[in-house]
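K.L.:
Here's the letter readout for the chains.
Number of protein chains: 2
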Amino acid sequence: MAETILSKFFAGDVRSLSRLLTLVEDGHPDASRILAEVYPRARHAYRVGITGAPGAGKSTLVNLLAAQEMQSGDSVAVIAVDPTSPFTGGALLGDRIRFDYPEPKPGQKPAFFRSAASRGHTGGLARSTEEMAVLLDAFGYQRLIIESVGVGQVGLDIAEAADTTVVVLVPESGDDIQAEKAGLMEIADILVVNKADRPGAATLVDDLRQAARLRHAHRLPGWTPPVVTTRAQTGEGIADLAQQIETHRSFRLSQQGPEGMRRSRLKQVLLNLLREELRVAVNEAVGQGKLPGGRPLDGVLDEVVAGREDPFTAARTAVLRLMKGLP
Amino acid sequence: MAETILSKFFAGDVRSLSRLLTLVEDGHPDASRILAEVYPRARHAYRVGITGAPGAGKSTLVNLLAAQEMQSGDSVAVIAVDPTSPFTGGALLGDRIRFDYPEPKPGQKPAFFRSAASRGHTGGLARSTEEMAVLLDAFGYQRLIIESVGVGQVGLDIAEAADTTVVVLVPESGDDIQAEKAGLMEIADILVVNKADRPGAATLVDDLRQAARLRHAHRLPGWTPPVVTTRAQTGEGIADLAQQIETHRSFRLSQQGPEGMRRSRLKQVLLNLLREELRVAVNEAVGQGKLPGGRPLDGVLDEVVAGREDPFTAARTAVLRLMKGLP
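Sequence lines, in order, name chains W and E.
Under our numbering, read the first sequence as residues 8 to 334, first letter to last.
Under our numbering, read the second sequence as residues 8 to 334, first letter to last.
Hints may contain errors.
Example chain W residues on the side facing chain E (calculated, C-beta under 7 Å, incomplete) [stated by the list, open to error]:
#1 L28
#2 R40
#3 A43
#4 Y46
#5 G264
#6 P265
#7 E266
#8 L273
#9 V276
#10 L280
#11 L285
#12 L308
#13 G314
Subject to a maximum C-alpha distance of 30 Å in a straight line, what follows is the list of computed BS3-like cross-link-like pairs (lysine-lysine) [said to hold, decoys possible]:
#14 K297(W) <-> K116(E)
#15 K112(E) <-> K274(W)
#16 K297(W) <-> K274(E)
#17 K15(E) <-> K116(E)
#18 K274(W) <-> K202(W)
#19 K112(W) <-> K15(W)
Don't read these hints as lab results, they were simulated from the structure.
Note that CB positions come from ideal geometry on N, CA and C, so glycine has one too.
Looking at chain W on its own, in the form it has when it is part of the complex (with noise of 0.2 Å):
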C-alpha cells in the first residue's frame, strides 16, 4: 500500500502528501521506511522558525508572511505545532482564523498548512514535526514556516531547528525583557514587535536593539539580529519582515555557503531527535525495571527510600555509566 502512495506523493499528488502527513504523525511502522526513502530529495527548502509566547499575534503573523513569500514564486508550506495542547486541547491552534492564501503563479504549488499538536504524555513531537517538515521539502516546497508556540524546552528547540529563526514579542513583555533576554536572544536571528501600535512598544524595540548589540553571537559570527515593528491586524510591516529574512538568508548563504547553512540545521535537528530518542528509550527502560546502563530500578530504589543513597546522584551515576558505555 504504502508503495502507491509514494509513487503517487512523488509524481506531486496533494492527497498522497496528506496521507503520508498523518501516516507519519500516526507514528505507523512504515514510517521510518518511508522516510528514509523520501530524506535524499529532502534537501532544498529553506526554513523559516516562528516562535514567541501565546498571545503574540503568532497565527496571523504568519499566514500574512506565507502570503508574502508566495510572491517570490516558491511554493510555501507552514508546519503549526503546539507543544502546550495537553493542556490547552491545542486551543493555540485551533482558534486560528482561516486564511485566504493568494492564487497560485504558474508552477508554484498552493500554500499548504498543517499543524502538529502534542498527542498526550509521551512527546514525540519535535520527531514529528520534522517528519512532517521533511515530506513537505521532499513534495517540492521551498519555503517552510515552522510556527511553534515558545513554552517549553521543546517549543523553543523546534524553532532553533530552522535556517531563520524568528522570535516575536509584544510591548507587554516590556517589563520583563531583562529575564526574557537569556532564552530568546539565544536562539534569535531575527525579532519581531507585533502589535506595534501598543503603548511600551518604541521602549521594548530599544531594548531588544541594545540586547541584540550586546548578544553573543554563537550561531553566526557577524550577524546582529534585526529588530522589525509590525502589526499583523493591518499588515504593517510584513514586507519587511520578509525581507529581513532574506537578508539573514544572504548573510548565511555566503558565510556558510548552502552545504554549511543545512549543516549547522541538521546539527540541530539531529540534537533534537536525540534528546526525543533517549526520553523514550529511558522510558522503555525503566518500564523493564532498569535503569538505564541495566542497574535493576528495584534496587536502587531500595537504597533511595531507606535514605542511603540520594536519587541525585543515583541518576547522575546511571547516566555517566551510560554515556562511558560502562554495562
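Take the given structure of chain W and dock chain E to it, following the hints.
P.N.:
For chain E alone, kept in the frame of chain W given last:
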C-alpha cells in the same frame, strides 16, 4: 563555609535554609555534597503537586490551601515552578499577589514560599525543584505544595512527582476536554474546577466525573479522582479540597503503606532526574563533537547533509547503541 551553613540549617536557622536554597538553585559546586548529606533527613514531608493551564487561578488557590493546611499544626512550604519563564520572564509567578499566611501555632514554622524559574535554555528545572523540596523537607516542613505551570513535559513531570497530584481546570476549557484528557487524567489524583461560578462549570464537572470513572487507574488501583469545585476569590471549596487531599493520603497509606508511597513518588523523581541528566549529557557529548555512543558528530553530519543517511535513523541508532552499552 558550607559546613557552618549546614550546621545552622540543622539547628533550624531560616536564613541558612534560604542560603542553601540559593546555592542549590545556582548549581554551586558544593550542592551535590550538601544534598547527599541532607538527604537522609528528608524523608517525611507529604508532597502535593498542583498544576493546570496558565490563568486557571492556581496561585490564589495554592495560597489558600497552604493557609488551610496550616490548621493541622503541620509546617507548610510552597514551591512555585514556572517552566515557561524563558518566555514570560517568570511573569506567571511574578504577578502573584502577596498573601498573609496565618500566624504559626506553637511548634509550627511560619509558611515558607519560594519560586523556581527556569534559567534560560539549559533546563534543569526538575532537578532544582526536587533539590529545593529535599532541603525544605530536611529542614522540617511536613507538607510541601509544589505548584507548577502546566505547560509542556517538564510542568507535567514535576506535578506528577508528588504524593497527591491536583489538576486545576476552569470552565473555559470545557469544549476542549476531550483533547485534554490524555495528559491531564493520566496524572490527576484530584481534579479541581476553579472559578466554579462561571458558565459551563456544571458541564465541565460532569464531563470530568465521567472521564475520571472511565480512566485507567494505573497510578492507584481503586482510586477514582474526585472532582472538587472551588472559587479561589471567595475561598469556597478550599476546605473540601484539603479534605480530599487527606482522603487520598489515607487511601494511599492504607493501600501502599508509608514506604510504598514514598517509593512510588521517588520512582517518578528518579525518572525526571534521569531525563534531565541525559539531556545535559547529550548536550555535553555534542559539545565535544560526538553523538552519545561515541560516533563523531562531523562524520554523521557528512552523511546526513549528503542525503546518504536520514537524521531519524542516525538518532535512533545512536540511542540504541547507547542503551545496549555498545561503544
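K.L.:
Would you mind marking each hint as holding or not holding in the structure?
P.N.:
Verification of the hints:
no., hint, in the structure
1, L28, "15 Å, violated"
2, R40, "10 Å, violated"
3, A43, "5 Å, holds"
4, Y46, "4 Å, holds"
5, G264, "11 Å, violated"
6, P265, "10 Å, violated"
7, E266, "6 Å, holds"
8, L273, "5 Å, holds"
9, V276, "5 Å, holds"
10, L280, "4 Å, holds"
11, L285, "5 Å, holds"
12, L308, "5 Å, holds"
13, G314, "4 Å, holds"
14, K297(W) <-> K116(E), "40 Å, violated"
15, K112(E) <-> K274(W), "58 Å, violated"
16, K297(W) <-> K274(E), "11 Å, holds"
17, K15(E) <-> K116(E), "16 Å, holds"
18, K274(W) <-> K202(W), "34 Å, violated"
19, K112(W) <-> K15(W), "23 Å, holds"
The structure shown violates the earlier hints numbered 1, 2, 5, 6, 14, 15 and 18.
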